[in-house]
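Peer 1: So the sequences go chain by chain: A and B.
The numbering used here numbers the first residue of the first sequence as 1 and each following residue consecutively.
The numbering used here numbers the first residue of the second sequence as 1 and each following residue consecutively.
Hints in this document: simulated from the structure, not taken from any laboratory.
Even glycine gets a Cβ: it sits at the ideal position worked out from N, Cα and C.
Some hints here could point you the wrong way.
As the list claims (entries may be wrong) - To give a feel for the contact side, a few chain A residues facing chain B, derived at Cβ under 7 Å:
| # | residue |
| --- | --- |
| 1 | L14 |
| 2 | F19 |
| 3 | I29 |
| 4 | M38 |
| 5 | A42 |
| 6 | G55 |
Said to hold, decoys possible - Per the computed footprint, the stretches of chain B lying under chain A, defined by three or more beta-carbons under 8 Å from a beta-carbon of chain A, are:
| # | region |
| --- | --- |
| 7 | 11-23 |
| 8 | 31-45 |
What the hints assert, rightly or not - Now the in silico label distances, taken between C-beta atoms and shown as ranges:
| # | chain 1 | residue 1 | chain 2 | residue 2 | range |
| --- | --- | --- | --- | --- | --- |
| 9 | B | S162 | A | I101 | 14 to 20 Å |
| 10 | A | V87 | B | L150 | 17 to 23 Å |
| 11 | B | D127 | A | I101 | 45 to 51 Å |
| 12 | B | S2 | A | V81 | 37 to 43 Å |
| 13 | A | V98 | B | L69 | 17 to 23 Å |
| 14 | B | W87 | A | V81 | 32 to 38 Å |
| 15 | A | V74 | B | A134 | 20 to 26 Å |
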Amino acid sequence: MITLGDYLIVSGVLFVIGFAGVMLRRNLIIILMSLELMLNAANLSLVAFSRFRVGSSGLPNYNAQVFVFFIITVAAAEVAVGLAILVALYRTRQTTDVNDISSLKF
Amino acid sequence: MSPLLFWIFALLTLIFGAAVVINRNPVASALSLVMSFLGLAALFMSLNAYFIGIIQVLVYAGAVMVLFLFIIMLLDLRAEEGRRINWLTSAAGLAVALIFLGQIFSVVGHFKIAHRTFPPLPGPTIDDVRNVGAALFRNYNLPFQIVGVLVLVATIGVVLLSKREPR
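Pulled out of the complex, with its shape left as it was, chain A reads as follows (with noise of 0.2 Å):
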């Protein structure tokens, strides 16, 4: 049978994969879309402790699942202003790689 476990240490490698991508990549983009992918392992484990916590209505918790409506309202709004920085940037740099990037680096 499937444990709160599997789903955990799906949610786990899900995250250490986004993160690996913000730190080796250097392509904007590509780093936006780790962000993404880190943000939707926190989704799947919050899903999984909703499901896992059945209440006495013998229903999921659906506070967690309200929570994870937030987090993905959040995160569309976040990408759409990432991605709005990225064309302005790319409007003045005519690039999108992190070390080219680097006026403000001490």
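With chain A held as given, fit chain B onto it using these hints.
Peer 2: Frame of chain A; chain B shown alone:
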């Protein structure tokens, strides 16, 4: 849900998630991300969260990925040519990720509740959308309104950011 289906969709999610990071072509990365999100939506449905699964497909695999692909096509990004890779930085990043992976396995291994299976639900179907809606509008009405304002602010911000300044 049978364990076989769980592992099929979990592997689908993880393999295509890894493909997002490994692919050098941004278009291939974006399409891998779509597949990864679809696998994740199936996992949500296996947890009886049908509403969240459908939202995942509509918002992520639909809207967000169209936005990503649109920007990739608009900027006409090619696959990265073989730049010199800073091996030290890459190795450090990979090491941090692997240490984090080990931590997760250790924590889940020591977490006693994690070895239990999911408790059964009363019936074969549950009124998922109705229950999520009731929780959202009864207990979380104020946060819901605040998120609405946040989305409005994001919309205005994006329009302002992408407006070309007059010279």
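Peer 1: Hints numbered earlier in the text: which of these fail when held up against the supplied structure?
Peer 2: 4, 5, 6
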